[in-house]
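Letter 179 of the sequence shown, counting from 1, is numbered 179 in my numbering, and no numbers are missing.
FYI, nobody ran anything at the bench for these hints, they're computed from the structure.
Any given hint might turn out to be false.
Dumping the calculated DSS-like pairs for lysine-lysine here, alpha-carbon to alpha-carbon at most 25 angstroms [unchecked claim]:
hint : residue 1 : residue 2
1    : Lys323    : Lys241
2    : Lys323    : Lys266
3    : Lys277    : Lys165
4    : Lys254    : Lys220
5    : Lys254    : Lys241
6    : Lys107    : Lys241
7    : Lys266    : Lys197
8    : Lys197    : Lys254
9    : Lys197    : Lys277
10   : Lys165    : Lys107
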Amino acid sequence: MLVVMAVLLTTAPVAARSKIALGASNPDGQNMAAVEMYKTRYGRYPAMWSLWVTWGLRGNDKTCDAGEPCAFPTAMVDQLMDVGITPVIWWQYNDPRKPYTWLYSYKSLLKHNHDAYIRQWAKAARAASAAHGNRPIIIRPFHEATGKWFPWSIGLKGNTVRNYKQAWRYLNNRVRSAGATRQQVRFLWSNYTPSRKTYPGDRYVDFVGFTVLNWGARKKNWRQMTPQVAFKVKQAAKFTKKPIIIAEVASFHKPLAKSKARWLNKGYTNTYRRFPKVRGILYLDAPRPNGGKHPDWRLILPRNGSAVNAYRKLANQPRFQGKIR
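Based on the provided sequences and hints, a complete structural model is requested.
Structure (structure tokens):
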């Protein structure tokens, strides 16, 4: 009997891992023209598309006016969902008129100063999802809060680990109390690197995310994707079993221009093979901002088309054609 049991256990089929959903994030791509360009270039629509929405200056009795960047992007969300794309909204907690002023603190949120705005925003998200069969919309508030480069960063303007976690839970509760269900609106908790210290708890998180960048510029700074993903997946596994969406992945193309294609192919392939918790990858297809420090991450670089070709081949493999459902 023991021999038979051993044979059964060793020959039982291993469950296939989920396909990975691919997507892109581009601050200049907040329109369907950019999405159609993606389809033309890579042969298919992305499974996910990032929208960048600024929080806006709102108090207890004020709401967003139509057309302001702080309003829920209903029109664009509808267009994305009409073609089967899951919106991933970077909900940036700052004033759109002064985007890099240290205007907001988590204390301001916890004092109910933005309740009306949150309620309106959440109801709009709920309605957009309901109009498309309750398909999910993913939101990414307070991203990379453990860094020092955003107005909502921990350690700035009275922001602490404690009130950051309180603010995350408060926001989650407010969105839910406005009627947006977990099926309709899902929270992506995404710091630069996952840490137990800043985790608000499984009850308030649907996906765990992180950032993986290859800054290049010098050969010694060339950082492969796989070791970074391995380290961050391991960190997340210390405190949660939640599925992972890698919220930002990007590589510079200098000085090893020919290696960017290999960086993509090897990194994405190894992520599929080695890390079944990863359900999605968003490429940060962003140009270098005027006066900004980060490189030009765009896939069209280098100009020889090697990175575009590599990404197109990945996007057309069945294993990278997952969906967020």
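Hint check results:
1. Lys323 - Lys241: With Cα atoms ~19 angstroms apart, Lys323 and Lys241 stay inside 25 angstroms; holds.
2. Lys323 - Lys266: holds, 22 angstroms
3. Lys277 - Lys165: With a Cα-Cα distance of about 23 angstroms, the restraint between Lys277 and Lys165 holds, given a limit of 25 angstroms.
4. Lys254 - Lys220: holds, 11 angstroms
5. Lys254 - Lys241: Outside the cut-off at roughly 36 angstroms; violated.
6. Lys107 - Lys241: violated, 30 angstroms
7. Lys266 - Lys197: violated, 31 angstroms
8. Lys197 - Lys254: violated, 35 angstroms
9. Lys197 - Lys277: holds, 21 angstroms
10. Lys165 - Lys107: holds, 11 angstroms
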